[in-house]
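Engineer: So you can see what is in the structure, the chains are spelled out below.
2 protein chains.
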Amino acid sequence: MSLDGYVAGPNPTLEQPLGEGGEQLHEWAVVLESWRRSHGLSGGERNADAEVMQESVDTTGAVVMGRRMFSGGAGAWEEDQNADGWWGDEPPFRVPVFVLTHHAREPEAKQGGTTFTFVTDGIDSALEQARAAAGDKDVLLAGGGSVAQQYLRAGLLDELQIHVAPMLLGGGVRLFEGRVDPGLSLESTRVIASPSVTHLRYAVNRA
Amino acid sequence: MSLDGYVAGPNPTLEQPLGEGGEQLHEWAVVLESWRRSHGLSGGERNADAEVMQESVDTTGAVVMGRRMFSGGAGAWEEDQNADGWWGDEPPFRVPVFVLTHHAREPEAKQGGTTFTFVTDGIDSALEQARAAAGDKDVLLAGGGSVAQQYLRAGLLDELQIHVAPMLLGGGVRLFEGRVDPGLSLESTRVIASPSVTHLRYAVNRA
Numbered sequence: 108m109s110l111d112g113y114v115a116g117p118n119p120t121l122e123q124p125l126g127e128g129g130e131q132l133h134e135w136a137v138v139l140e141s142w143r144r145s146h147g148l149s150g151g152e153r154n155a156d157a158e159v160m161q162e163s164v165d166t167t168g169a170v171v172m173g174r175r176m177f178s179g180g181a182g183a184w185e186e187d188q189n190a191d192g193w194w195g196d197e198p199p200f201r202v203p204v205f206v207l208t209h210h211a212r213e214p215e216a217k218q219g220g221t222t223f224t225f226v227t228d229g230i231d232s233a234l235e236q237a238r239a240a241a242g243d244k245d246v247l248l249a250g251g252g253s254v255a256q257q258y259l260r261a262g263l264l265d266e267l268q269i270h271v272a273p274m275l276l277g278g279g280v281r282l283f284e285g286r287v288d289p290g291l292s293l294e295s296t297r298v299i300a301s302p303s304v305t306h307l308r309y310a311v312n313r314a
Numbered sequence: 108m109s110l111d112g113y114v115a116g117p118n119p120t121l122e123q124p125l126g127e128g129g130e131q132l133h134e135w136a137v138v139l140e141s142w143r144r145s146h147g148l149s150g151g152e153r154n155a156d157a158e159v160m161q162e163s164v165d166t167t168g169a170v171v172m173g174r175r176m177f178s179g180g181a182g183a184w185e186e187d188q189n190a191d192g193w194w195g196d197e198p199p200f201r202v203p204v205f206v207l208t209h210h211a212r213e214p215e216a217k218q219g220g221t222t223f224t225f226v227t228d229g230i231d232s233a234l235e236q237a238r239a240a241a242g243d244k245d246v247l248l249a250g251g252g253s254v255a256q257q258y259l260r261a262g263l264l265d266e267l268q269i270h271v272a273p274m275l276l277g278g279g280v281r282l283f284e285g286r287v288d289p290g291l292s293l294e295s296t297r298v299i300a301s302p303s304v305t306h307l308r309y310a311v312n313r314a
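Line by line, the protein sequences give chains A and B. Residues in the first sequence are numbered consecutively from 108, following our numbering. Residues in the second sequence are numbered consecutively from 108, following our numbering.
Because the hints were derived from the structure by calculation, they are not lab data. We put the beta carbon where it would ideally sit given N, CA and C, even for glycine. Some hints could be false.
Stated by the list, open to error - Part of the chain A face toward chain B, derived, beta carbon under 8 Å:
1) Leu110
2) Gly278
3) Ser292
4) Ser295
5) Val298
Can you build the whole structure from these sequences, using the hints too?
Structural biologist: Here it is, written out as structure tokens:
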């Protein structure tokens, strides 16, 4: 997230899926060895940010994401120019991924352990399927903003981990938008900071 | 600021100037010895948060704030039910305070070193007057959200210090709203965290 609360910049396109300036949100990550390894690349930095990322890789047993995050599209899959997603033949997730969509589609198995399952019956169902697939590990809600808000409002998140990039986007997709359950409270459980990014972790408590 | 970006909650009133839930934003501060001392109270906690607050007290030579922050009102002063401000006879600032308003008014000197000067000719003028009054010390832009955005957009801020409270307000006044100067960049210069609050500090660089 940018300091001003955006997880993507304004005016996203197929060439610029994170909108104007949005790529910079992830600059801290793409230089890391742990990120590069999960993307099939060698080299990269080892530092406190890399440990936070590696921890997330190690503890994640399944991923949930929205259709927008998967392809940037909406509507029927046959009209989606990016229907195969952003990540090619060997996506970096390497675990089962559950994609929320209103448009049914057969599951797909990719190289390296990533499977995409398309869930049309709502966020509870996606979470239930992801939990079953994750076993003892965590379910990572990857995004985007709209799906994160839906899960937060439904009281289904146990933890928030937000990587605040030192930048202002001035527009785009907000991570937090609109009302929250008044019975929900946050507990700050960890802060790890580097010049590139501040990792904020919160436990979500319900009254 | 709440984690979702608000510096005041929704529906502010004279009884609840920071809106619904907004008082909680400052819970970390009101328990501190350094806060209590500036408000003429004894006792309180000494911890890392107190040091951050004391540092701000020590380095601040003048304060700029908006009319909304000063009284919660707008329009003519004679119709403002809270025209004397929120802080009584001995406000906690103890330095010259410059209040941005569209409505002219004579300056007022309070007990304990606080003076209120009402500036009707814009943000540049308020800053210039505050700089002259601050001498070698810093000018603190106290708020609220609208004034902070105006100064940020005008490229007049050298540093941001944001105290992120572990809570979601779900509505109210955002600290960051709308476009920013693309030539402006942030550099994370310090993070201090406690369970009560995370203090984020950034240098503002201009291209």
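Engineer: All hints are to be evaluated individually against the structure, with a verdict given for each.
Structural biologist: Results for each hint:
1. Leu110: Hint on A:Leu110: holds, closest Cβ of chain B at ~6 Å, below 8 Å.
2. Gly278: Cβ of A:Gly278 sits 6 Å from chain B, so the hint holds.
3. Ser292: holds, 7 Å
4. Ser295: Interface hint status for A:Ser295: holds (4 Å vs cutoff 8 Å).
5. Val298: holds, 4 Å
The structure agrees with every numbered hint stated previously.
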